[in-house]
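Asks: Using the sequences provided together with the hints, build the complete structure.
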Amino acid sequence: SWLAQAAKEGRRLPPREELPPEALWDAEELFQLGDRMLEMLRRGGHAESLPIVSVSLPGRLEEATADHLRMLGAALEHLCKYLAGAFKEIGCPADCGVFVGSCSLKRQSAEPPYEKAVEAFGLWYGHSLVRKILISGQQSAEDDGFAFLESSLSGLLAQHQLVQRLSSLDDISKCKDWASLRKACALGRPPPLTPEGAAALLDSRRFASPELREAAKGCYRSAFVAAAGGCRRLIFARLGWGDEELRTLATALTRFPHLAELFLEGNRIGDQGAGILAGVLP
30 SWLAQAAKEG RRLPPREELP PEALWDAEEL FQLGDRMLEM LRRGGHAESL
80 PIVSVSLPGR LEEATADHLR MLGAALEHLC KYLAGAFKEI GCPADCGVFV
130 GSCSLKRQSA EPPYEKAVEA FGLWYGHSLV RKILISGQQS AEDDGFAFLE
180 SSLSGLLAQH QLVQRLSSLD DISKCKDWAS LRKACALGRP PPLTPEGAAA
230 LLDSRRFASP ELREAAKGCY RSAFVAAAGG CRRLIFARLG WGDEELRTLA
280 TALTRFPHLA ELFLEGNRIG DQGAGILAGV LP
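Read in order, the letters of the sequence shown correspond to residues 30 to 311 in my numbering.
Quick caveat, the hints were computed from the structure, so don't treat them as lab data.
Small disclaimer: the values here were computed from a predicted structure and weren't measured.
Some clues are possibly wrong.
[As the list claims (entries may be wrong)] Derived SDA-like pairs (lysine to any residue); straight-line CA-CA distance at most 25 Å: (1) Lys212 x Gly271; (2) Lys203 x Arg40; (3) Lys110 x Arg65; (4) Lys37 x Leu59; (5) Lys37 x Ala208; (6) Lys110 x Leu48; (7) Lys37 x Gln190; (8) Lys212 x Arg262; (9) Lys203 x Ala215; (10) Lys212 x Asp124; (11) Lys205 x Ala113; (12) Lys117 x Lys205; (13) Lys110 x Ser209.
Replies: Following this line, the structure appears as structure tokens:
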């Protein structure tokens, strides 16, 4: 795709208004592909996600370095090849729809591009069938308020294989395909936070204005309530969690009234963590 090639070359990604026509995927075409995937599911096929990926970059889009963009380009190249092979029977192209900050959002007159769109982040990053690629490249990346929000939303419902955390171009270059990249970049994901826990942590992150910080808190709260209220199954397998992560998870689980199944295989859960879970599960 245009975006994958531009990112792979380390080119600056322009704002939405400056994108060339070949960079845009018609929404109707994307929805039609999603409908074909759903039909394949009804016939007994398998599709772990929609052909959509939400990308989180550290800081604002214009602050992304060439290495950040090359990491994104390499990941998208692997993903598109995987999608084309996995869904060949329904005519899936070697492409996918990508949401990436101000490269996807239209500016509203003179207002900052995020001002009117923060509430939509819950859909882009919190949806269980949308893949997420979170690029940090440095330990302090989530000091940025929106990077932290996007990361927190990504961990609400999605299975382990749908959230990839990329921090090193060298590590990605060693991956020969999407399967190896997915395996290498699945760890490092924190458990879901309660709205109160997320709000407290958002208070310590950087935002351009107090209004944006409050909008981010409201976005997470709305996404959490929507996700927890209708969720019956959570799959948090093979994330490398220990007892401390289980403590955070247990606090959030009390807000999932209809949860019937919880999968945690492949984590490092000791007696303490098991006891914490036993205290909150029905």
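Asks: Given the hinted pair lysine 37 and glutamine 190, is their Cα-Cα distance within 25 Å?
Replies: holds (22 Å)
Asks: Hey, lysine 37 versus alanine 208, does the alpha-carbon distance stay inside 25 Å?
Replies: Roughly 19 Å between the alpha carbons, so the hint for lysine 37 and alanine 208 holds.
Asks: Is lysine 212 close enough to arginine 262, meaning Cα to Cα at most 25 Å?
Replies: This hinted pair holds, its Cα atoms lying about 22 Å apart.
Asks: Is the hinted pair lysine 110 and leucine 48 satisfied, with a Cα-Cα distance of at most 25 Å?
Replies: Given pair lysine 110, leucine 48 holds - Cα atoms ~23 Å apart, limit 25 Å.
Asks: Does glycine 271 sit within 25 Å of lysine 212, going by the straight-line distance between their CA atoms?
Replies: holds (19 Å)
Asks: Check whether the Cα positions of lysine 117 and lysine 205 lie no farther apart than 25 Å.
Replies: Holds. Lysine 117 to lysine 205 sits at ~20 Å (cutoff 25 Å).
Asks: Verify the proposed pairing of lysine 205 with alanine 113, using a straight-line Cα cut of 25 Å.
Replies: holds (16 Å)
Asks: When you check the alpha-carbon spacing of lysine 110 and serine 209, does it fall within 25 Å?
Replies: Holds, at roughly 13 Å.
Asks: Hint check: lysine 212 vs aspartate 124, CA-CA at most 25 Å. Holds or violated?
Replies: Holds, because 21 Å separates the two Cα atoms, which is no more than 25 Å.
Asks: Can you confirm whether the C-alpha distance between lysine 203 and arginine 40 stays at or below 25 Å?
Replies: The given pair, whose Cα atoms are some 22 Å apart, holds under the 25 Å limit.
Asks: Check whether the Cα positions of lysine 37 and leucine 59 lie no farther apart than 25 Å.
Replies: holds (23 Å)
Asks: Is the Cα-Cα distance between lysine 203 and alanine 215 25 Å or less?
Replies: At roughly 15 Å apart (the allowed maximum being 25 Å), alanine 215 and lysine 203 satisfy the hint.
Taken one by one, the earlier hints all hold for this structure without exception.
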